[in-house]
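Those protein sequences? They're chains A and B, same order as listed.
Numbering-wise, the first sequence is residues 38 to 458 according to the numbering used here.
Numbering-wise, the second sequence is residues 3 to 407 according to the numbering used here.
It is worth saying that the hints were derived from the structure and are not from the lab.
For every residue, glycine included, the Cβ atom is placed at its ideal position computed from N, Cα and C.
A couple of the hints might just be wrong.
As the list claims (entries may be wrong) - Selected chain A positions facing chain B (in silico; Cβ < 10 Å):
#1 104
#2 127
#3 168
#4 199
#5 201
#6 207
#7 320
#8 323
#9 388
#10 427
What the hints assert, rightly or not - Derived DEER-like restraints, expressed as beta-carbon distance ranges:
#11 B:282 x A:432: 23 to 33 Å
#12 B:123 x A:173: 50 to 60 Å
#13 B:62 x A:270: 34 to 44 Å
As the list claims (entries may be wrong) - From the structure, some residues in chain B lie toward chain A, with a derived Cβ separation under 7 Å:
#14 57
#15 60
#16 106
#17 107
#18 117
#19 132
#20 137
#21 138
#22 150
#23 157
#24 158
#25 361
#26 364
#27 367
#28 392
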Amino acid sequence: MHGRLNRRVAITGMGVRAPGSLGKDAFWELLSAGRTATRRITFFDPSPYRSQVAAEVDFDATSEGLSPREIRRMDRATQFAVVCAREALSDSGLAGISPHRTGISLGSAVAAATSLEREYLVLSDSGKRWTMSPDQLTPQMFDYMVPSVMAAEVAWAAGAEGPVAMVSDGCTSGLDSVGHGAALIREGSADVVVAGAADTPITPIVVASFDAIRATTTYNDVPDQASRPFDGTRNGFVLAEGAAMFVLEELTAARRRGAHIYAEVGGFATRCNAYHMTGLKTDGREMAEAIRVALDQARVNGDAVDYINAHGSGTKQNDRHETAAFKRSLGEHAYRTPVSSIKSMVGHSLGAIGSVEIAASLLAMENQAVPPTANLRSADPECDLDYVPVQAREHHVDTVLTVGSGFGGFQSAMVLTRAAA
Amino acid sequence: MSVITGLGVIAPNGLGVKEFWEATLSGRSGIAELDRFDTSGYPARLAGLVRELDSAEYLPGRLLPQTDVSTRLALVAAQWALEDAEVDPAELADYDMGVVTANASGGFEFTHREFNKLWAHGPEHVSVYESFAWFYAVNTGQISIRHGMRGPSSALVAEQAGGLDALGHAARTIRGGVPLVVGGGVDSAFDPWGWLSHLAGGRVSVDLDPATAYRPFDANAAGYIPGEGGAMCIVESAESARARGVQGYGEIAGYAATFDPHPDTGAPPGLRRAAALALADAGIEPGDVDVVFADAAGVPELDDAEALALRELFGIRGVPVTAPKALTGRLLSGGAVLDVVAALMSIQESVIPPTFGTATVPGDYGIDLVTGEPRPVPVRTALVLARGRWGFNAATVIQALGDRS
C-alpha cells in the first residue's frame with residue numbers, strides 16, 4: 038500500500054444518551070451535580086438475580102424522532118446509536134457531507150442482546166424447546182445474530198458511503214471505535230467519520246452472566262449508592278446502557294468552515310494484557326503502555342495531562358489495576374492529577390461507556406471543570422490518587438486522558454487535546 | 003508492506019491449507035446435510051460443515067469448557083498459522099504482536115445453551131464463562147492470551163465483508179509499526195437457534211442437492227449455503243519476515259471499504275468503487291489484475307450487480323473470475339479470508355481454481371467465470387471482493403512477492 042497521510046482529527050459534534058439524562062446539556066448537569074442515575078432494575082423483575090441494580094435510560098423512541106418503521110426494525114441499541122448520530126451531526130453544523138468521503142465507526146460489545154433474548158423467548162417457548170420451530174421467526178433475527186446492521190443503520194442516518202466499520206472490542210469498544218474512526222481520517226480514507234458506541238445490555242442473560250462471576254454489585258438496598266469506584270466498600274460494577282456518537286473531521290477542514298471544535302483526538306492506543314479473559318494483574322503494565330503510546334502520538338508530555346477520566350468500574354481488581362497504570366505511566370504527576378469515574382453516576386454500559394466517557398471528557402474541557410466520583414466516601418487504601426470525591430471541581434482542563442479496560446484483556450487510552458488556533 | 007507468512011485454514015472442505023487447496027482444485031465439497039439436530043422441520047437443510055476436527059487434540063483441556071465451537075476453531079486456525087509461519091511467539095517482544103479478527107455471530111451456540119439454562123432452570127445455572135464466551139471480541143482475546151500477544155488488537159463485525167476488513171486493519175496495524183498481526187475470521191452458528199437465524203436472512207438456498215444448492219453466477223442460482231470455519235493469517239511487516247528469514251506467500255498490496263447508498267435511493271451499489279479504490283491503494287490498474295475472487299452471493303440480483311461492477315471495471319469478460327466458495331458455502335467472517343488463502347495459493351501455483359457447480363452463466367453477465375476445470379495461468383495479482391449484508395463492500399489486492407519496486 039502506498040503513501041498514507043498523517044492528518045489531524047477534530048471532534049466537532051456530539052450526541053449522547055446516558056442514564057438520567059438525554060442530550061449533552063442534561064448529561065453535564067447530572068455529572069457536575071454528582072447525581073447518580075443507578076436504580077433498581079425496572080425493565081424486568083430483578084428479584085431472582087444476585088445484582089438487581091442498573092443504570093437505565095428513560096428512552097422514548099417516538100419522542101426521539103424515530104419513525105414507527107424504524108422502531109419496529111431497529112434493536113434498542115441501534116435506536117440509541119441512530120438518535121445520537123443524528124444529534125451529533127446536527128450539533129456539528131455540517132451543512133452537507135460528501136457521502137463517499139464519510140465513514141462510520143460504531144462500537145458495541147453485546148449489540149442486539151435485548152432483542153436476542155426477546156426472540157429467544159418467543160422461539161423457544163420461554164426456554165422449553167432446544168430445537169425451535171421456524172413458525173414465529175422474525176426476519177430481523179439474522180441481524181440480531183450478526184449485528185453489523187447497527188453500523189449500517191448509522192450509515193443510512195448519516196448518508197455515509199465511505200468505510201463503515203463495527204468495532205466490537207468488548208468494554209473498550211467505545212474508545213476503540215472513536216480511535217478507529219480517527220485512524221480512517223488520519224490515513225486519508227475518509228474526511229468525516231461519525232464514530233461512537235451504543236450498548237443496551239440490561240437484559241436477564243447479561244445480568245445472569247455477570248452474576249455468575251460476581252462482577253456486579255450487590256448493593257441492592259441502596260441502588261442510588263451502588264456504584265462506588267475506588268471506595269473501600271465497593272463490591273462490583275453497576276450494569277448500564279447508553280450511547281454517545283461524535284462527528285470527527287479532518288482538523289483543517291473543520292477550522293476552514295469555522296466549526297466549533299470540542300477537542301482534537303491527539304492520540305489513541307490499545308494493548309492487550311494476554312493474561313486472562315476477565316482477570317487483571319495488579320501492575321497495570323499494558324494499560325500504562327497504551328497511555329504512553331497515546332501520549333507520544335499526541336506529542337504530549339505526561340505532565341501536561343490535566344484530568345484523567347478513569348475506567349473506574351468499581352471492581353477491586355480494576356480500581357487497583359488502573360491506579361497502578363496511572364502511576365506507572367505518569368509517575369509523580371499521577372498524584373497531582375484529578376482522576377474520576379463517571380461510572381459512579383451512570384454505571385457501566387459495556388461497549389458504550391468509552392464513548393460516553395469521551396463525551397464527559399469533552400464537556401469537562403468545555404466547562405473547565407471535572408466531574409466527581411460519586412459515592413466515594415473512604416477510598417481503598419491501595420487507591421491513593423485524587424479521585425475527586427462526591428463534588429465536581431472547577432479545574433483548568435486542556436488535556437484529558439481517558440482510558441478503558443475490558444474482558445479479553447483489552448486496555449485502551451485516548452488523549453484529547455485542545456486544538457490550538 | 004504487509005506480507006502474509008502463515009496460513010491456518012479450517013474449511014468445510016479441508017483442514018489445513020494443503021487439504022483445503024487440494025479440495026478447491028479437485029472439486030471436493032464440504033456442503034452436506036446438517037446433522038447436529040433434527041432439521042426435518044426446516045425448509046433448508048444443507049450447510050458447509052467442518053468435520054473431523056477434534057479440538058481437544060490441539061487445545062489445552064481448560065479452554066474447552068470456556069469456549070464456543072467457533073472460538074475453538076479460531077484458536078486452532080491461529081495455532082496452525084503461527085506454525086506455518088514458523089513463528090515462535092516467545093522469540094518476539096509481546097507488544098510486537100497483535101490480533102485482529104472479524105467475527106459475525108460470536109459464541110452463538112454457547113450462548114444458546116446459556117439462554118436455555120437461564121430460562122429452563124434459573125439464573126444460578128448460567129455458566130461463569132458466559133460473559134466472555136459469547137461476545138464478538140472473544141476470538142481476539144483468546145488468541146492474544148494463548149500466544150502472549152500484547153500489541154494493538156481489535157475485533158470487527160461486517161457480516162461477510164468482515165474478513166477483508168480484519169486483514170485490512172491488520173495491514174494498517176503493521177503500517178503503524180507493529181511487526182506481526184494474527185488476522186482473519188472464523189464463525190460457526192449451527193445450533194438450532196443459529197440455523198434459524200441464518201434462515202431468517204431469507205437468502206439461504208432450500209435446494210437439498212449439495213451439488214446444485216449454491217451455484218453463484220449460474221442462471222439457476224437460488225440462494226447460498228451457510229458454512230462454518232474460516233482462516234487465520236500471519237500478517238507481517240517485510241522487515242520482520244526478512245529478519246526471521248521467511249519468504250511468505252504474498253503481499254496485501256491494497257485494501258478499501260465502501261458502503262452502499264440506502265436501498266431506497268436506487269443509486270448503484272459501492273462494490274465497484276471499493277474495487278477501484280483497492281487497486282488505487284495498490285498503485286495498479288485494472289489491467290494488472292490476473293484473477294478476481296468474487297463475493298459470489300448466489301442470489302440472482304446480487305450476482306447481477308457484482309457482474310455489472312466487474313464489467314464496468316474490467317470490461318466485458320475482461321478478467322478471469324472465480325468463486326471457490328461454491329465448495330464451502332458462505333462462512334460469514336471466514337469466507338473472504340479463505341478467498342485470500344485461495345488467491346495466495348493461485349499465485350504460488352499459477353492456477354485459478356474453478357467455480358464448481360456453476361454450469362450456465364447468463365450471457366449478459368459478461369464475466370469470464372472459470373468453471374469446470376482449474377485454469378493454469380500465471381497469477382501475480384488477485385483481487386478479492388466481499389460484500390456484507392445491508393451494504394458493506396470490501397476489496398483486497400493480493401500480489402506475488404517481489405512484484406513491486
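Outcome of the hint check:
1. 104: Residue 104 of chain A check fails; min Cβ-Cβ to chain B is 13 Å, beyond 10 Å.
2. 127: violated (19 Å)
3. 168: Cβ of residue 168 of chain A sits 5 Å from chain B, so the hint holds.
4. 199: Holds, because the Cβ-Cβ distance from residue 199 of chain A to chain B comes to roughly 6 Å (cut-off 10 Å).
5. 201: holds (4 Å)
6. 207: With a closest approach of 4 Å, the residue 207 of chain A hint holds.
7. 320: violated (13 Å)
8. 323: At about 6 Å, which falls below the 10 Å cut-off, the nearest Cβ of chain B leaves the hint on residue 323 of chain A intact, so it holds.
9. 388: holds (9 Å)
10. 427: violated (31 Å)
11. B:282 x A:432: 23 to 33 Å: Cβ of residue 282 of chain B to Cβ of residue 432 of chain A: about 47 Å, so the range 23 to 33 Å is violated.
12. B:123 x A:173: 50 to 60 Å: Between residue 123 of chain B and residue 173 of chain A, where Cβ atoms are some 23 Å apart, the hint is violated.
13. B:62 x A:270: 34 to 44 Å: Given a distance of about 38 Å, which is inside 34 to 44 Å, the answer is holds.
14. 57: violated (17 Å)
15. 60: violated (19 Å)
16. 106: Since chain A brings a Cβ to about 5 Å from residue 106 of chain B, closer than 7 Å, the hint holds.
17. 107: Given a least distance of 5 Å, the restraint on residue 107 of chain B holds.
18. 117: holds (5 Å)
19. 132: holds (4 Å)
20. 137: At 6 Å from the nearest chain A Cβ, residue 137 of chain B passes the 7 Å test, so the hint holds.
21. 138: holds (4 Å)
22. 150: holds (5 Å)
23. 157: holds (5 Å)
24. 158: Nearest chain A Cβ about 6 Å off; hint holds.
25. 361: Since the shortest Cβ distance to chain A is 29 Å, the answer is violated.
26. 364: violated (28 Å)
27. 367: For residue 367 of chain B, the interface hint is violated, since the closest Cβ of chain A sits about 25 Å away, which is over 7 Å.
28. 392: holds (4 Å)
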